[in-house]
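From first to last, the protein sequence lines stand for chains A, B and C.
1 is the number of the first residue of the first sequence in the working numbering; add one for each residue after it.
1 is the number of the first residue of the second sequence in the working numbering; add one for each residue after it.
1 is the number of the first residue of the third sequence in the working numbering; add one for each residue after it.
Careful, some of the hints might be misleading.
Claimed, not checked - Derived DEER-like restraints, expressed as beta-carbon distance ranges:
(1) B:280 x A:324: 48 to 58 angstroms
(2) B:9 x C:348: 55 to 65 angstroms
(3) C:44 x B:95: 42 to 52 angstroms
(4) B:126 x A:123: 24 to 34 angstroms
(5) B:9 x A:348: 29 to 39 angstroms
(6) A:264 x B:95: 47 to 57 angstroms
(7) C:323 x B:188: 48 to 58 angstroms
(8) C:28 x B:17: 49 to 59 angstroms
(9) A:36 x C:173: 45 to 55 angstroms
(10) A:241 x B:144: 37 to 47 angstroms
(11) C:98 x B:144: 29 to 39 angstroms
(12) C:264 x A:123: 38 to 48 angstroms
Said to hold, decoys possible - Straight line, CA to CA, 16 angstroms or less: simulated EDC-like cross-link-like pairs of lysine to aspartate or glutamate:
(13) A:95 x C:190
(14) A:84 x B:301
(15) B:91 x A:319
(16) C:91 x B:322
(17) A:84 x C:81
(18) A:91 x C:319
(19) C:84 x A:81
(20) B:95 x A:190
(21) C:91 x B:319
(22) B:170 x B:301
(23) B:84 x C:83
(24) B:91 x A:318
(25) C:95 x B:190
(26) A:91 x C:318
(27) A:91 x C:322
(28) B:84 x A:83
(29) A:84 x B:81
(30) C:91 x B:318
(31) B:91 x A:322
Hints in this document: simulated from the structure, not taken from any laboratory.
Each residue gets a CB set at the ideal place from its N, CA and C atoms; glycine is no exception.
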Amino acid sequence: MVKTDVFKGRDFISELEYTREEIETILEVAFRLKEDYAMRRPHRLLEGKNMFLIFYNRSLRTRNSFEAGFAQLGGHANYLDADKVYTPAIKGMEKAYTTERVADVARVLSRYGDGIAIRIYGKPTGWVYGRGNEYIREFARWASIPVINMEDDMYHPCQALADIMTMKEKLGDLKGKKIVVSWAYSPSVEKPVAVPQSAMAISSFFGMDIVLAHPEGFELDPMVIEKVKENQRKFGGTFEVVHDMKKAFRDADVVYPKCWGVLRHIPPQAPQADWDAIGKLFDANKHWICDEETLKLAKPDVLYMHCLPADRGFEVTDEVIDGPNSVVFDEAENRLHAQKAVMALIMQ
Amino acid sequence: MVKTDVFKGRDFISELEYTREEIETILEVAFRLKEDYAMRRPHRLLEGKNMFLIFYNRSLRTRNSFEAGFAQLGGHANYLDADKVYTPAIKGMEKAYTTERVADVARVLSRYGDGIAIRIYGKPTGWVYGRGNEYIREFARWASIPVINMEDDMYHPCQALADIMTMKEKLGDLKGKKIVVSWAYSPSVEKPVAVPQSAMAISSFFGMDIVLAHPEGFELDPMVIEKVKENQRKFGGTFEVVHDMKKAFRDADVVYPKCWGVLRHIPPQAPQADWDAIGKLFDANKHWICDEETLKLAKPDVLYMHCLPADRGFEVTDEVIDGPNSVVFDEAENRLHAQKAVMALIMQ
Amino acid sequence: MVKTDVFKGRDFISELEYTREEIETILEVAFRLKEDYAMRRPHRLLEGKNMFLIFYNRSLRTRNSFEAGFAQLGGHANYLDADKVYTPAIKGMEKAYTTERVADVARVLSRYGDGIAIRIYGKPTGWVYGRGNEYIREFARWASIPVINMEDDMYHPCQALADIMTMKEKLGDLKGKKIVVSWAYSPSVEKPVAVPQSAMAISSFFGMDIVLAHPEGFELDPMVIEKVKENQRKFGGTFEVVHDMKKAFRDADVVYPKCWGVLRHIPPQAPQADWDAIGKLFDANKHWICDEETLKLAKPDVLYMHCLPADRGFEVTDEVIDGPNSVVFDEAENRLHAQKAVMALIMQ
Numbered sequence: 001m002v003k004t005d006v007f008k009g010r011d012f013i014s015e016l017e018y019t020r021e022e023i024e025t026i027l028e029v030a031f032r033l034k035e036d037y038a039m040r041r042p043h044r045l046l047e048g049k050n051m052f053l054i055f056y057n058r059s060l061r062t063r064n065s066f067e068a069g070f071a072q073l074g075g076h077a078n079y080l081d082a083d084k085v086y087t088p089a090i091k092g093m094e095k096a097y098t099t100e101r102v103a104d105v106a107r108v109l110s111r112y113g114d115g116i117a118i119r120i121y122g123k124p125t126g127w128v129y130g131r132g133n134e135y136i137r138e139f140a141r142w143a144s145i146p147v148i149n150m151e152d153d154m155y156h157p158c159q160a161l162a163d164i165m166t167m168k169e170k171l172g173d174l175k176g177k178k179i180v181v182s183w184a185y186s187p188s189v190e191k192p193v194a195v196p197q198s199a200m201a202i203s204s205f206f207g208m209d210i211v212l213a214h215p216e217g218f219e220l221d222p223m224v225i226e227k228v229k230e231n232q233r234k235f236g237g238t239f240e241v242v243h244d245m246k247k248a249f250r251d252a253d254v255v256y257p258k259c260w261g262v263l264r265h266i267p268p269q270a271p272q273a274d275w276d277a278i279g280k281l282f283d284a285n286k287h288w289i290c291d292e293e294t295l296k297l298a299k300p301d302v303l304y305m306h307c308l309p310a311d312r313g314f315e316v317t318d319e320v321i322d323g324p325n326s327v328v329f330d331e332a333e334n335r336l337h338a339q340k341a342v343m344a345l346i347m348q
Numbered sequence: 001m002v003k004t005d006v007f008k009g010r011d012f013i014s015e016l017e018y019t020r021e022e023i024e025t026i027l028e029v030a031f032r033l034k035e036d037y038a039m040r041r042p043h044r045l046l047e048g049k050n051m052f053l054i055f056y057n058r059s060l061r062t063r064n065s066f067e068a069g070f071a072q073l074g075g076h077a078n079y080l081d082a083d084k085v086y087t088p089a090i091k092g093m094e095k096a097y098t099t100e101r102v103a104d105v106a107r108v109l110s111r112y113g114d115g116i117a118i119r120i121y122g123k124p125t126g127w128v129y130g131r132g133n134e135y136i137r138e139f140a141r142w143a144s145i146p147v148i149n150m151e152d153d154m155y156h157p158c159q160a161l162a163d164i165m166t167m168k169e170k171l172g173d174l175k176g177k178k179i180v181v182s183w184a185y186s187p188s189v190e191k192p193v194a195v196p197q198s199a200m201a202i203s204s205f206f207g208m209d210i211v212l213a214h215p216e217g218f219e220l221d222p223m224v225i226e227k228v229k230e231n232q233r234k235f236g237g238t239f240e241v242v243h244d245m246k247k248a249f250r251d252a253d254v255v256y257p258k259c260w261g262v263l264r265h266i267p268p269q270a271p272q273a274d275w276d277a278i279g280k281l282f283d284a285n286k287h288w289i290c291d292e293e294t295l296k297l298a299k300p301d302v303l304y305m306h307c308l309p310a311d312r313g314f315e316v317t318d319e320v321i322d323g324p325n326s327v328v329f330d331e332a333e334n335r336l337h338a339q340k341a342v343m344a345l346i347m348q
Numbered sequence: 001m002v003k004t005d006v007f008k009g010r011d012f013i014s015e016l017e018y019t020r021e022e023i024e025t026i027l028e029v030a031f032r033l034k035e036d037y038a039m040r041r042p043h044r045l046l047e048g049k050n051m052f053l054i055f056y057n058r059s060l061r062t063r064n065s066f067e068a069g070f071a072q073l074g075g076h077a078n079y080l081d082a083d084k085v086y087t088p089a090i091k092g093m094e095k096a097y098t099t100e101r102v103a104d105v106a107r108v109l110s111r112y113g114d115g116i117a118i119r120i121y122g123k124p125t126g127w128v129y130g131r132g133n134e135y136i137r138e139f140a141r142w143a144s145i146p147v148i149n150m151e152d153d154m155y156h157p158c159q160a161l162a163d164i165m166t167m168k169e170k171l172g173d174l175k176g177k178k179i180v181v182s183w184a185y186s187p188s189v190e191k192p193v194a195v196p197q198s199a200m201a202i203s204s205f206f207g208m209d210i211v212l213a214h215p216e217g218f219e220l221d222p223m224v225i226e227k228v229k230e231n232q233r234k235f236g237g238t239f240e241v242v243h244d245m246k247k248a249f250r251d252a253d254v255v256y257p258k259c260w261g262v263l264r265h266i267p268p269q270a271p272q273a274d275w276d277a278i279g280k281l282f283d284a285n286k287h288w289i290c291d292e293e294t295l296k297l298a299k300p301d302v303l304y305m306h307c308l309p310a311d312r313g314f315e316v317t318d319e320v321i322d323g324p325n326s327v328v329f330d331e332a333e334n335r336l337h338a339q340k341a342v343m344a345l346i347m348q
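Go ahead and model the full structure; you've got the sequences and the hints to work with.
Structure follows, in structure tokens:
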């Protein structure tokens with residue numbers, strides 16, 4: 001375990017800003033809190049503290065695991081629909097008496113409690129890739145209390161912690177294990193890329209062999225891929241991109257097939273979101289579904305992972321997600337424990 | 001009191017699935033918790049627990065009594081607007097990235113806390129009678145924690161408990177007491193039938209003489225009526241249907257006049273909701289109002305009951321609902337105590 | 001400190017209904033609770049209590065400081081969007097199955113907890129000046145638990161307490177200090193007048209010299225001004241109205257420039273809201289902005305105050321609100337402590 005004072009007061013915006021040692025410490029704490037929860041042993045480590053959960057987007061797992069988890073730690077979280085407060089906006093996106101500058105919101109909330117967590121991607125960012133992350137960093141710049149990323153348009157670090165916890169529980173040492181982060185089709189084109197990017201990022205700390213699979217046109221952020229490779233140079237593991245789900249799945253220990261959006265047709269890569277072009281790319285790839293036949297190409301005990309909600313019948317068949325290889329509910333549960341660990345460490 | 005281990009982990013979806021002995025135990029606990037509350041004696045029986053309140057419909061009493069009551073028991077309830085999570089949907093009513101299958105929602109929430117409560121009827125069910133109940137049973141099927149019905153399109157069992165508590169407080173032994181469950185007019189035709197059905201159901205456990213009064217066309221679910229009669233064969237009491245509010249009220253100990261909808265003009269009885277036909281039935285029966293003149297036909301100390309909100313000036317006059325026979329606020333208060341009893345018993 | 005039993009069970013609707021001695025006691029308690037908070041010394045004075053926060057309008061500071069503050073006191077507050085309950089309505093503004101009479105809502109909630117707080121002004125009142133206050137008084141009339149005004153269309157007494165706390169912290173004795181409550185331009189014309197009215201009202205208890213500055217047409221409620229003058233006859237201080245921000249600012253100790261609406265063009269002064277006329281008045285006064293040049297006319301250490309959210313670039317320049325004279329975040333923080341003091345005193 002690292003020295004304990006590296007956490008207090010820190011933000012948790014991207015897993016890539018933490019060291020491997022720090023991530024391992026978070027996971028150790030998470031596993032310990034999971035045991036406490038299993039026994040319902042009180043663990044009110046943040047008694048009397050308050051935090052603010054700001055949602056620009058829908059949420060089931062994130063909202064409930066944060067709100068319930070913080071209560072289990074003895075605190076109280078205010079659930080804030082961004083449209084029911086004066087919607088926090090960065091300079092240039094303000095509207096009188098409807099929005100309030102992020103700088104002001106962050107400074108005010110810092111006076112009332114002990115942490116701020118934010119979810120923002122897609123429509124509320126005007127579909128400008130990176131602006132969600134910019135919002136969260138703007139919060140962090142002005143807040144004097146820790147800021148947590150509950151999914152922006154680049155990263156979903158809490159999901160990443162839950163993912164790696166689940167893999168460790170099922171597979172033990174992850175060194176040399178093969179994970180396939182794959183695109184899958186959904187009729188909804190309005191999808192962020194945070195989950196696959198964070199899944200790769202977290203895997204790159206643990207020596208895993210990463211295969212990124214997607215149809216042409218669904219490329220992820222090259223900067224994230226560069227950081228993944230940089231980690232792999234330190235911690236081991238290989239990285240490969242393939243354009244065929246079936247080919248990618250061969251001998252996989254973990255598959256993570258999931259729909260994501262098209263960066264090349266939204267700003268800043270495109271002058272504006274081109275939904276026609278995006279729709280065509282989606283329509284051309286309806287066969288990217290994780291069904292039993294495809295799953296059989298992987299190892300027999302392969303883990304099927306998904307952050308949920310899954311678009312059943314499109315991304316994945318019922319047989320797979322409800323089948324013996326699926327660990328999606330264990331994965332969802334680990335959100336609770338991972339986030340409690342982060343909160344307990346940084347919000348002291 | 002029954003053996004205490006019959007409650008732990010159980011769902012509370014319809015009062016008809018509990019035995020009379022079990023219902024009496026819930027009421028005893030409710031009265032005891034009411035005393036505790038009156039003295040503000042701490043009764044934190046569910047310290048550190050979490051539950052999830054999912055609302056597809058508006059609510060004042062239910063939401064506030066559940067949320068405050070659970071806090072009084074030491075727990076924390078997440079209030080969830082169904083449209084702010086990925087709206088839980090049963091198979092066939094799903095929409096990519098907007099809904100999430102009930103099976104998945106139930107399994108995820110089971111990992112984060114200790115109970116799920118749901119309100120669903122009317123529009124969110126597509127006005128298919130029974131589908132609200134089906135939603136709740138689907139939650140219960142998949143959840144590994146207790147599921148509570150906060151009103152579906154068939155039953156409102158928490159209201160029923162509050163109703164029977166209130167009658168017991170005011171009338172003592174209910175054997176042979178006459179209750180009139182009556183339709184009343186409201187300008188809003190979008191009304192569920194859960195309250196009158198549950199009022200009859202709960203009364204049938206206690207030997208009451210039940211009179212169901214409504215204009216022709218407002219028949220309630222024959223299956224529920226059959227169960228009411230079945231209970232009466234065991235526990236005593238009579239059952240009668242009349243089509244005249246005034247006639248029904250004669251010598252009543254309790255009257256419960258309240259608007260409800262038209263089952264014969266919505267599915268499955270009709271191919272689709274026929275709002276014209278429903279509107280006509282409503283318009284033809286505007287004289288079904290509980291006013292002082294009508295109330296005088298009952299016993300002098302008759303209890304006027306209503307689950308609230310009441311459509312004042314339509315269902316009931318101000319003189320009656322604010323008059324000496326009205327017990328509506330005691331009835332509303334008992335929601336708190338009855339629900340706390342249910343939670344304390346099943347969520348241990 | 002006044003005798004302590006004057007607070008228990010009382011409503012807090014307007015600061016003008018409290019005596020100076022009582023207000024001073026609230027402030028003493030607020031400063032003490034602020035110290036507790038600074039040290040994170042537990043102060044769970046309302047352990048196990050519940051309150052209901054009803055919002056007809058957006059809120060950031062109010063909602064979060066009440067919800068977090070009440071949790072810090074050991075209680076649990078239900079956040080209620082007025083549109084998600086049966087919207088409480090006064091007689092004459094009811095709509096079947098959508099609204100519920102305030103009298104009924106107040107009586108029901110009184111059975112479930114220990115306090116009700118309400119925010120209502122502008123659109124939900126049909127833009128009839130005074131109707132928001134009427135709503136809150138109607139709640140208070142029927143509730144058997146304390147009612148708190150979280151801003152209506154006449155008063156924002158919690159803001160007033162925070163304002164006076166902040167002035168006392170920065171200036172010490174307020175006797176003879178000059179405060180300028182000034183109108184400022186915003187592109188949003190839908191603004192209440194509660195903040196300037198309450199700022200003048202609270203200042204009038206402490207012997208301050210009050211200058212009210214606004215363009216012609218933006219007159220405030222003469223009844224409030226009369227009460228301000230009445231207080232000043234008792235406690236000292238002068239009152240003056242000027243129609244020039246620059247002239248008003250001269251030698252000011254405190255400036256409070258802020259947009260507000262036009263009472264003469266909404267009911268009851270006008271037969272109906274005349275948004276054209278209001279718009280013209282606003283457009284004609286775009287130069288009413290608090291910039292550095294204007295601020296320099298005041299004393300060098302003048303306090304710049306604002307209740308937030310500020311319409312930056314219109315009401316005030318970034319240089320001023322983010323500059324050395326600005327105390328807006330200290331002011332926002334004091335909302336927390338002032339409200340906790342009120343709650344702790346009246347909700348015992």
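Verification of the hints:
1. B:280 x A:324: 48 to 58 angstroms: Since residue 280 of chain B and residue 324 of chain A have Cβ atoms about 56 angstroms apart, the given range 48 to 58 angstroms holds.
2. B:9 x C:348: 55 to 65 angstroms: With Cβ atoms ~39 angstroms apart, the hint is violated.
3. C:44 x B:95: 42 to 52 angstroms: Taking Cβ atoms as reference, residue 44 of chain C and residue 95 of chain B lie about 45 angstroms apart, which means the hint holds.
4. B:126 x A:123: 24 to 34 angstroms: For residue 123 of chain A against residue 126 of chain B, whose Cβ atoms are near 27 angstroms apart, the range 24 to 34 angstroms holds.
5. B:9 x A:348: 29 to 39 angstroms: holds, 36 angstroms
6. A:264 x B:95: 47 to 57 angstroms: Check failed, 27 angstroms falls outside 47 to 57 angstroms.
7. C:323 x B:188: 48 to 58 angstroms: holds, 55 angstroms
8. C:28 x B:17: 49 to 59 angstroms: Holds, since residue 28 of chain C and residue 17 of chain B (Cβ atoms, about 57 angstroms apart) stay within the stated range.
9. A:36 x C:173: 45 to 55 angstroms: With Cβ atoms ~53 angstroms apart, the hint holds.
10. A:241 x B:144: 37 to 47 angstroms: holds, 40 angstroms
11. C:98 x B:144: 29 to 39 angstroms: holds, 37 angstroms
12. C:264 x A:123: 38 to 48 angstroms: About 40 angstroms separates the Cβ atoms of residue 264 of chain C and residue 123 of chain A, which means 38 to 48 angstroms holds.
13. A:95 x C:190: holds, 13 angstroms
14. A:84 x B:301: violated, 47 angstroms
15. B:91 x A:319: At roughly 14 angstroms apart (the allowed maximum being 16 angstroms), residue 319 of chain A and residue 91 of chain B satisfy the hint.
16. C:91 x B:322: holds, 14 angstroms
17. A:84 x C:81: holds, 9 angstroms
18. A:91 x C:319: Within the cut-off at roughly 14 angstroms; holds.
19. C:84 x A:81: With Cα atoms ~13 angstroms apart, residue 84 of chain C and residue 81 of chain A stay inside 16 angstroms; holds.
20. B:95 x A:190: holds, 13 angstroms
21. C:91 x B:319: holds, 14 angstroms
22. B:170 x B:301: holds, 10 angstroms
23. B:84 x C:83: holds, 14 angstroms
24. B:91 x A:318: holds, 11 angstroms
25. C:95 x B:190: holds, 13 angstroms
26. A:91 x C:318: holds, 11 angstroms
27. A:91 x C:322: It holds: about 14 angstroms lies between the C-alpha atoms, which stays within 16 angstroms.
28. B:84 x A:83: holds, 12 angstroms
29. A:84 x B:81: holds, 13 angstroms
30. C:91 x B:318: holds, 11 angstroms
31. B:91 x A:322: holds, 14 angstroms
Checked against the numbered hints given earlier, this structure breaks hints 2, 6, 14; the rest are met.
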